[in-house]
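Asker: Sequence:
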Amino acid sequence: MFFDRPMPQAVIYDLDGLLLDTEPIHAQVYDEVAQQFGVQLDPAFQAKLRGRPSRETSRLIVETLNLPVTPAEFLAIRKPIIEARVAQSPARPGAAELVQALHQRQFPQAIATSSTQPAFAIKTQQHQHWFRLIETVVCGDDPQLERPKPAPDIFWLAAKRLGVKPEACLVFEDSVSGVRAALEAGMTVIAVPDPADRDRLPSEVHYCLESLADLLDRDRYPDLLADLTALPALPR
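Quick note on numbering: full-length UniProt numbering labels position 151 of the sequence shown as 151, and the sequence is numbered without any gaps.
Just so you know, the hints here were simulated from the structure itself, not pulled from any lab data.
It is possible that part of the hints are untrue.
[To be verified] No farther apart than 25 Å at their CA atoms in a straight line, the calculated lysine to aspartate or glutamate pairs in the DMTMM-like style are these: (1) K160 / D219; (2) K48 / D21; (3) K48 / D153.
[To be verified] Label pairs and their calculated CB-CB ranges: (4) E146 / H103: 26 to 32 Å; (5) A76 / Q106: 39 to 45 Å; (6) Q125 / H103: 16 to 22 Å; (7) Q125 / T64: 31 to 37 Å; (8) R161 / L216: 22 to 28 Å; (9) A213 / Q117: 26 to 32 Å; (10) Q126 / D199: 17 to 23 Å; (11) S203 / Q28: 27 to 33 Å.
The C-beta atom is built at its ideal place from N, Cα and C for all residues, glycine as well.
Given only the sequences and the hints, what does the whole structure look like? Please build it.
Answerer: The structure is reproduced here in structure tokens:
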């Protein structure tokens, strides 16, 4: 193998921007709501918001831009808009195929997402044929979750429910905050970032890919699903 890490015993995925292509939808809707108050979110600020729970994101927007509403009121304006749009969220390239391939190999899989349970249900309703193959889902409103990403708690909780030690888990993440959380949890991390975020990734990240579809390229990784550690080291 290319990196001295133990063979993973389970995989944990993020949701937004990793399995489903929802991040552009979230960014657009946050910006649309902000524009109702005469301000626009610049790309650099948007990048800092990726991967954070909606409550924290709304608080940051309201406080940073000094909007004349509370974070709760901002969320209330956003809610019907985002729910209508994320219901049609497309899968990211390679996501369904990877989940199905690991399921066929009886590889334990979980999702650790900042999305609430109702939001998760809306986003995944068009993709149940492959989301149902993932046995454990931990959402941002889980009653046992104490701290959101970038704290490691959500990954520890997912590992606990899978019955696997944190150091034996492999995490796929797209956001900087999610990568930091998974690293702090003591897990092996494969980043699949937005190109704008690649330079902001923590230097400790173990691997970096352009797409989950890369994992299914048998010319590059002929038996990757049998040996998930067979990945090239992150180029720096």
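Asker: Would you mind marking each hint as holding or not holding in the structure?
Answerer: Consistency of the hints with the structure:
1. This hinted pair does not check out: K160 and D219 have alpha carbons roughly 35 Å apart, beyond 25 Å.
2. Note on K48 and D21: the hinted pairing holds, with a Cα-Cα distance of about 18 Å set against a maximum of 25 Å.
3. Among the hinted pairs, K48 with D153 is consistent with the structure: their alpha-carbon atoms are about 20 Å apart, no more than 25 Å.
4. Between E146 and H103, the C-beta spacing of about 30 Å keeps the proposed range 26 to 32 Å intact.
5. With their beta carbons about 43 Å apart, A76 and Q106 fall inside the hinted range of 39 to 45 Å.
6. The hinted window of 16 to 22 Å between Q125 and H103 holds, with their beta carbons roughly 19 Å apart.
7. Here the CB-CB span from Q125 to T64 is close to 33 Å, well matched to the stated 31 to 37 Å.
8. Against the hinted window of 22 to 28 Å, the Cβ-Cβ separation of R161 and L216 comes to about 27 Å, which satisfies the hint.
9. Restraint check, A213 to Q117: a C-beta distance of roughly 28 Å satisfies the suggested window 26 to 32 Å.
10. As the Cβ distance of Q126 to D199 is approximately 33 Å, the hint placing it in 17 to 23 Å is violated.
11. Between S203 and Q28, the C-beta spacing of about 31 Å keeps the proposed range 27 to 33 Å intact.
In this structure, the hints that do not hold are numbers 1, 10, in rising order.
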